[in-house]
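As given, the protein sequences belong to chains U and H, one line each in that order.
With our numbering as the guide, the letters of the first sequence map in order to residues 2 to 338.
With our numbering as the guide, the letters of the second sequence map in order to residues 3 to 286.
If you are wondering where the hints come from, they were derived from the structure by calculation, not from laboratory data.
Worth double-checking, as some hints may not be accurate.
[What the hints assert, rightly or not] Distance condition first, Cα-Cα at most 27 Å in a straight line; then the derived BS3-like pairs of lysine-lysine:
{"id": "1", "chain 1": "H", "residue 1": "Lys-182", "chain 2": "U", "residue 2": "Lys-102"}
{"id": "2", "chain 1": "H", "residue 1": "Lys-252", "chain 2": "U", "residue 2": "Lys-115"}
{"id": "3", "chain 1": "U", "residue 1": "Lys-152", "chain 2": "H", "residue 2": "Lys-179"}
{"id": "4", "chain 1": "U", "residue 1": "Lys-104", "chain 2": "H", "residue 2": "Lys-182"}
[What the hints assert, rightly or not] So the derived list for chain U, only partly shown, Cβ under 8 Å to chain H, looks like this:
{"id": "5", "residue": "Ala-51"}
{"id": "6", "residue": "Gly-55"}
{"id": "7", "residue": "Gly-59"}
{"id": "8", "residue": "Arg-60"}
{"id": "9", "residue": "Met-80"}
{"id": "10", "residue": "Phe-82"}
{"id": "11", "residue": "Ser-84"}
{"id": "12", "residue": "Asn-90"}
{"id": "13", "residue": "Tyr-99"}
{"id": "14", "residue": "Gly-100"}
Beta carbons: idealized from backbone N, C-alpha and C, even for Gly.
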Amino acid sequence: MSYVTIDQVTKGYENQVVLNNISITLKKGEFATLLGQSGCGKSTLLRSIAGLEGVDAGRILIDGIDITNLSPRQREVGMVFQSYALFPNMSVFDNIAYGLKMKKVKNIKSRVKKIIEMVDLIGKEESYPHQLSGGQQQRVALARALVMEPKVLLLDEPLSALDAKIRKSLQKELKRIQKELDITTIFVTHDQEEAMTMSDRIFVMNNGQVVQSGSPSEVYTSPVNTFVAKFIGNYNVYDMEVFRKIVRNRELKGTEVAIRPEVLQLVSVGEDSLDLQENWGIKGFIKDVSMTGNVLRYEVETEESAFHVDYLHHRGKMFEQGALVHILVPKKECIIL
Amino acid sequence: MRKIKKQKIYLLALLLPFITFVIGFEIGPLVAMIKNSFYADDGIQVTINQYITIFKSKFYLQAIQNSLVISLFSAVTSVIIAVIAAYSLTKFSQKIQNRLLMITNMTSNFEGIPLSFSYIILLGNNGLFTLLFSKIGWDVFADFNLYSWTGLILVYIYFQIPLAVMLIYPSYQGIKKQWKEASSLLGGSTSSFWLHIGIPVLLPSIVGTFSILFANAMGAYATAYALVGSNYNLLSLQIASLVASDVALKPQLGSAMGVLLAATMIGAMWFNERMMRRIRRDLR
Ligand SMILES: Nc1ncnc2c1ncn2[C@@H]1O[C@H](COP(=O)(O)OP(=O)(O)O)[C@@H](O)[C@H]1O
Ligand SMILES: [Mg+2]
Chain U
2 MSYVTIDQVT KGYENQVVLN NISITLKKGE FATLLGQSGC GKSTLLRSIA
52 GLEGVDAGRI LIDGIDITNL SPRQREVGMV FQSYALFPNM SVFDNIAYGL
102 KMKKVKNIKS RVKKIIEMVD LIGKEESYPH QLSGGQQQRV ALARALVMEP
152 KVLLLDEPLS ALDAKIRKSL QKELKRIQKE LDITTIFVTH DQEEAMTMSD
202 RIFVMNNGQV VQSGSPSEVY TSPVNTFVAK FIGNYNVYDM EVFRKIVRNR
252 ELKGTEVAIR PEVLQLVSVG EDSLDLQENW GIKGFIKDVS MTGNVLRYEV
302 ETEESAFHVD YLHHRGKMFE QGALVHILVP KKECIIL
Chain H
3 MRKIKKQKIY LLALLLPFIT FVIGFEIGPL VAMIKNSFYA DDGIQVTINQ
53 YITIFKSKFY LQAIQNSLVI SLFSAVTSVI IAVIAAYSLT KFSQKIQNRL
103 LMITNMTSNF EGIPLSFSYI ILLGNNGLFT LLFSKIGWDV FADFNLYSWT
153 GLILVYIYFQ IPLAVMLIYP SYQGIKKQWK EASSLLGGST SSFWLHIGIP
203 VLLPSIVGTF SILFANAMGA YATAYALVGS NYNLLSLQIA SLVASDVALK
253 PQLGSAMGVL LAATMIGAMW FNERMMRRIR RDLR
């Protein structure tokens with residue numbers, strides 16, 4: 002039974018289609034991520050769900066109710082904006098209480114207090130937004146949405162304005178709060194790593210369409226096309242014509258092949274322990290080495306092409322620039338597209 | 003190190019014309035006016051009699067009251083109209099906004115004697131519209147008298163509005179679209195957004211504009227003089243007749259009234275600031 006249904010939603014601006022026949026369903030309590038490059042329509046989709054934009058065609062349902070034509074205030078969805086959009090003239094407490102006051106509910110004080118505890122803002126109740134750090138402002142924005150107990154929580158790149166460290170800790174916290182409240186969440190990001198760590202389900206978007214959906218590991222290990230392969234996994238992608246030459250095998254079928262950089266192995270030329278039963282061996286030299294956190298990334302140039310090879314950075318052997326190597330390509334890890 | 007010092011002196015030297023201007027044309031006259039106000043009519047004896055004269059004279063108190071009333075009324079009305087007008091301005095395309103702003107800018111300089119004469123030509127007893135409408139048979143202007151209190155207020159409001167729009171318009175750029183969206187998602191209506199967020203955010207600019215308009219109206223002289231001559235009892239008209247008339251030249255009394263005029267303006271600003279801090283507690 003799906004809790005959120007987006008049914009063939011289409012939307013355009015002037016002469017440009019921004020959402021092209023999008024269909025998505027979510028279960029209650031699911032943490033879903035819309036992942037895609039800037040400009041692919043993520044925000045527009047989120048804003049359509051919130052009712053801040055109308056759609057040209059299609060339906061949106063939450064909890065069995067068709068909300069396509071309801072105003073934002075009737076939809077019972079909460080949203081956190083990238084820019085936080087806190088009310089500058091109100092204290093933290095008043096920002097969070099605003100929605101409750103609008104709804105004229107009872108026990109505003111205790112509800113606000115509870116949520117302030119949850120997002121760890123105790124002691125900041127009387128502060129104003131300009132007195133808070135980016136991370137704290139983000140928590141206020143989150144609390145302001147959560148206190149309304151919305152049916153769906155929408156988050157539009159809520160962490161992208163924060164620096165890496167705070168971002169990591171807020172990712173964890175967001176996830177904890179989401180699980181604690183069991184709230185159905187749609188999270189937007191252009192950062193594939195963030196999408197991987199946080200989501201139950203990822204919807205990869207490109208040009209106003211959902212090109213693939215699935216669990217993080219599904220999307221990561223079996224991309225359906227070149228776009229997803231390149232965007233999600235930093236895959237090595239080759240035209241089949243070229244790949245046949247690289248591995249000297251004319252029998253391979255398909256149009257393209259994608260290989261994850263971390264399944265490749267490097268072996269120094271001269272060491273003769275190559276398993277050419279399970280792998281293809283390709284000769285090349287290390288053109289460049291770079292380090293991203295704990296990952297060593299080699300750029301290896303071969304006669305016909307080039308490969309990215311990722312290694313976990315540990316105390317073992319490291320290849321120098323210019324070293325001659327064999328790349329071992331595991332045959333079963335090659336994804337034919 | 004030395005070079006920086008030299009540069010600083012050089013920069014200060016560039017400020018010299020400005021400082022001279024401020025001292026010569028603003029601080030100087032102000033000090034002279036305050037000093038003058040504490041002399042008797044003969045200009046020799048030091049006394050506070052000029053102030054006593056003002057506060058004992060029904061006529062002068064009336065002038066102060068009239069000026070306060072017309073200034074308050076025209077400033078409040080113009081600010082309200084300008085808040086609405088500037089908002090609707092922001093709803094046009096950028097191109098139209100620029101053109102409307104240009105017109106507003108031009109009309110904000112349209113005051114004093116030219117403005118009064120324009121009104122006389124259009125709405126005076128033999129004004130264009132007055133005659134036109136009476137010929138057509140509309141009697142909207144039948145009871146209207148330009149040379150009255152109502153007429154004066156109309157002209158004051160007219161010259162205050164463009165200035166107010168120019169001053170308030172920029173602060174609408176500071177109102178973020180996301181605040182409205184967040185408010186509506188939290189269940190707020192358009193009016194609750196303006197009541198709780200929009201107006202409070204605009205408030206510093208509204209208050210500042212109000213202070214300027216109030217001072218502008220308190221000091222307005224030429225417009226009123228051209229329209230009602232000395233028939234109407236206003237503070238600025240009384241000061242002018244005391245310092246520049248050929249009947250009863252009393253510069254010391256005029257100075258004392260000038261000091262009171264300045265005091266009302268400062269008082270208004272102080273009061274505005276206080277009120278604003280009360281509502282916008284985040285600015286404290
Ligand atoms: N109000 C608008 N008017 C015209 N075009 C818009 C508007 N909002 C977004 N777009 C266009 O729609 C596309 C998708 O925008 P958006 O949903 O913001 O992308 P994303 O959030 O994925 O970066 C972009 O090409 C953008 O230029
Ligand atoms: Mg976006």
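Verification of the hints:
A C-alpha spacing of about 16 Å is found between Lys-182/H and Lys-102/U, which places the hinted pair at or below 27 Å, so the restraint holds. The suggested pairing of Lys-252/H with Lys-115/U is violated, with an alpha-carbon distance near 71 Å, which exceeds 27 Å. Simply put, Lys-152/U and Lys-179/H have alpha-carbon atoms about 24 Å apart, close enough for the 27 Å limit, and the pair holds. For the given pair, Lys-104/U sits about 16 Å from Lys-182/H by alpha-carbon distance, which is consistent with the 27 Å threshold.
A cut of 8 Å between beta carbons decides the hint on Ala-51/U: the least distance to chain H is about 6 Å, and the hint holds. Residue-level restraint check for Gly-55/U is violated (minimum Cβ-Cβ distance to chain H is 14 Å; threshold 8 Å). With a least beta-carbon distance of about 21 Å to chain H, the hint placing Gly-59/U at the interface is violated under the 8 Å criterion. Of the supplied interface hints, the one on Arg-60/U is violated, with its beta-carbon coming no nearer than about 20 Å to a beta-carbon of chain H, more than 8 Å.
Given the 8 Å rule on beta carbons, the hint for Met-80/U holds: about 5 Å separates it from the nearest Cβ of chain H. The restraint placing Phe-82/U at the interface with chain H holds, with a minimum CB-CB distance near 5 Å, inside the 8 Å limit. Look at Ser-84/U: its Cβ gets to within about 6 Å of chain H, closer than 8 Å, so that hint holds up. Nearest Cβ of chain H to the Cβ of Asn-90/U: about 4 Å, under the 8 Å cut. The hint holds.
Annotation: interface hint on Tyr-99/U holds; nearest CB of chain H at approximately 6 Å, less than 8 Å. Taking 8 Å as the C-beta contact cut-off toward chain H, the hint placing Gly-100/U at the interface holds, the least distance being around 3 Å.
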